[in-house]
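Enquirer: Sequence:
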Amino acid sequence: MKRKTFIQLSSTLMTASFLSPLTLLAQQERLKNWAGNLTYSTGNVFYPTSVKEVQELVKKHSKLKTLGTRHCFNNIADSRDNLLSTSKMNKVVSLDPNGHTVTVEAGIKYGELAPWLHKNGYALHNLASLPHISVGGSITTATHGSGIKNGNLASAVTGLEIVIADGSVVHLSRAADPEKLHAAVVGLGAIGVITKVTLEVQPTYMMLQNVFTGLPVAQLKDNFEKIMSAGYSVSLFYDWQTDLINEVWIKSHIGTDVPQSQPEFYGAKAATKNLHPIIELSAENCTEQMGVPGPWYERLPHFKMGFTPSSGKELQSEYFVPLHSAVEAIEAVSHLGKQIGPHLFITEIRTIAADKLWMSPCHNQTSVTIHFTWKQETEAVLELLPQIEKALAPFNARPHWGKVFTLEPKVLEGRYEKLNDFKKLIAEYDPNGKFRNAFLEKNIYG
89 MKRKTFIQLS STLMTASFLS PLTLLAQQER LKNWAGNLTY STGNVFYPTS
139 VKEVQELVKK HSKLKTLGTR HCFNNIADSR DNLLSTSKMN KVVSLDPNGH
189 TVTVEAGIKY GELAPWLHKN GYALHNLASL PHISVGGSIT TATHGSGIKN
239 GNLASAVTGL EIVIADGSVV HLSRAADPEK LHAAVVGLGA IGVITKVTLE
289 VQPTYMMLQN VFTGLPVAQL KDNFEKIMSA GYSVSLFYDW QTDLINEVWI
339 KSHIGTDVPQ SQPEFYGAKA ATKNLHPIIE LSAENCTEQM GVPGPWYERL
389 PHFKMGFTPS SGKELQSEYF VPLHSAVEAI EAVSHLGKQI GPHLFITEIR
439 TIAADKLWMS PCHNQTSVTI HFTWKQETEA VLELLPQIEK ALAPFNARPH
489 WGKVFTLEPK VLEGRYEKLN DFKKLIAEYD PNGKFRNAFL EKNIYG
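Position 316 (the sequence shown) corresponds to 404 in this note's numbering; numbering is contiguous.
Watch out, some of these pointers could steer you wrong.
Unchecked claim - DSBU-like, lysine-lysine: derived pairs with alpha carbons at most 30 Å apart: (1) 309 - 357; (2) 444 - 314; (3) 148 - 120.
The set of hints was computed from the structure by calculation and includes no laboratory data.
Please build the complete structure, drawing on both the sequences and the hints.
Expert: Laid out in structure tokens, this is it:
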């Protein structure tokens with residue numbers, strides 16, 4: 089029997105007649121995720137605009153899940169009962185120049201926050217490849233950018249405001265509750281509804297990026313860390329079909345990095361025009377390259393802030409391995425190149441610094457990620473993933489929580505040393521399982 093995926097959907101459809109007065113927009117047709125591969129299992133969606141409204145919704149319903157910008161490719165945020173979208177809670181609350189922090193509502197998108205910060209003289213330490221994702225959703229799943237010295241987006245969190253299962257509001261901070269904060273930041277939607285997030289900021293900065301093509305894979309064996317440290321943020325794009333890495337994207341921090349502006353980089357050639365990560369596609373919507381300076385938020389993502397990607401037919405998977413195992417892990421996956429090729433758009437390889445967040449794939453481990461952007465061929469991908477996961481097993485690969493994987497719960501338990509402590513915190517804040525769903529039942533409690 090073929091392995092069943094947790095992307096399978098409920099056929100239940102809730103109608104507007106069952107919705108609370110707090111609902112700003114009842115979805116009689118069920119929502120889909122960003123890529124369109126998942127239809128959420130209920131049309132009962134609430135759009136609160138304040139913490140008070142969130143509290144009322146949480147008190148009223150026995151089962152509830154929070155939606156961000158719906159960029160996950162699995163059912164981590166799904167519910168058969170009720171969904172609460174934070175999309176209307178998208179404001180900057182305050183900026184603290186003395187404390188070097190900004191506090192925002194959880195539904196704000198990085199693409200909205202970043203220009204505001206820059207205008208006020210501040211910046212975040214990093215951004216993901218897409219800027220169109222919410223702060224609350226991104227930290228909950230440990231979404232990341234790249235850079236050996238750069239932690240994931242959740243590592244910038246210094247405080248959280250959360251509405252827990254009884255409707256009360258909990259405030260956690262790095263200063264007062266460091267362990268609870270470390271437990272709750274990458275909370276997988278299990279702790280409660282995140283309503284506000286406080287993030288570290290720094291003085292704004294300028295960046296530029298250069299792209300190189302045709303990096304010999306052989307160069308990775310002796311020079312991997314040098315290559316990945318050549319800029320503030322570095323990404324490798326590879327299709328596994330030749331002995332050449334398709335593209336190397338190097339994002340340099342002006343003032344602290346030496347920009348990679350030479351015509352050759354470890355055997356790769358400097359691009360002569362802006363490129364898309366999939367070299368055959370137009371770079372029109374990609375951030376500026378060719379060494380042109382620009383603000384941090386216009387260079388750290390791969391795609392422009394002003395461009396909102398439409399739902400694309402794709403799937404995504406990603407695995408985190410220790411930095412010291414990077415070359416071996418890449419070699420292990422390369423043996424599956426012929427099987428991977430027909431179903432793949434592109435793979436991106438990045439680095440992320442270690443953090444202290446309990447359920448982060450980078451917990452106590454500087455990591456390299458091997459990310460697969462698949463064609464939306466679900467059956468073929470689900471047959472491939474166990475082979476990839478087996479190849480990466482010697483490196484104790486941890487999956488991205490918001491993407492498609494097939495690892496068994498007992499395997500995940502063995503790779504997260506704080507999992508049992510995390511479950512104790514869930515029990516403290518949500519003793520009756522109000523925020524549990526099929527994803528948590530399988531992957532955390534399975």
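Enquirer: Taking the earlier hints as the rules, which of them does this structure contradict?
Expert: Nothing - there is no hint that the structure violates, so all of them hold.
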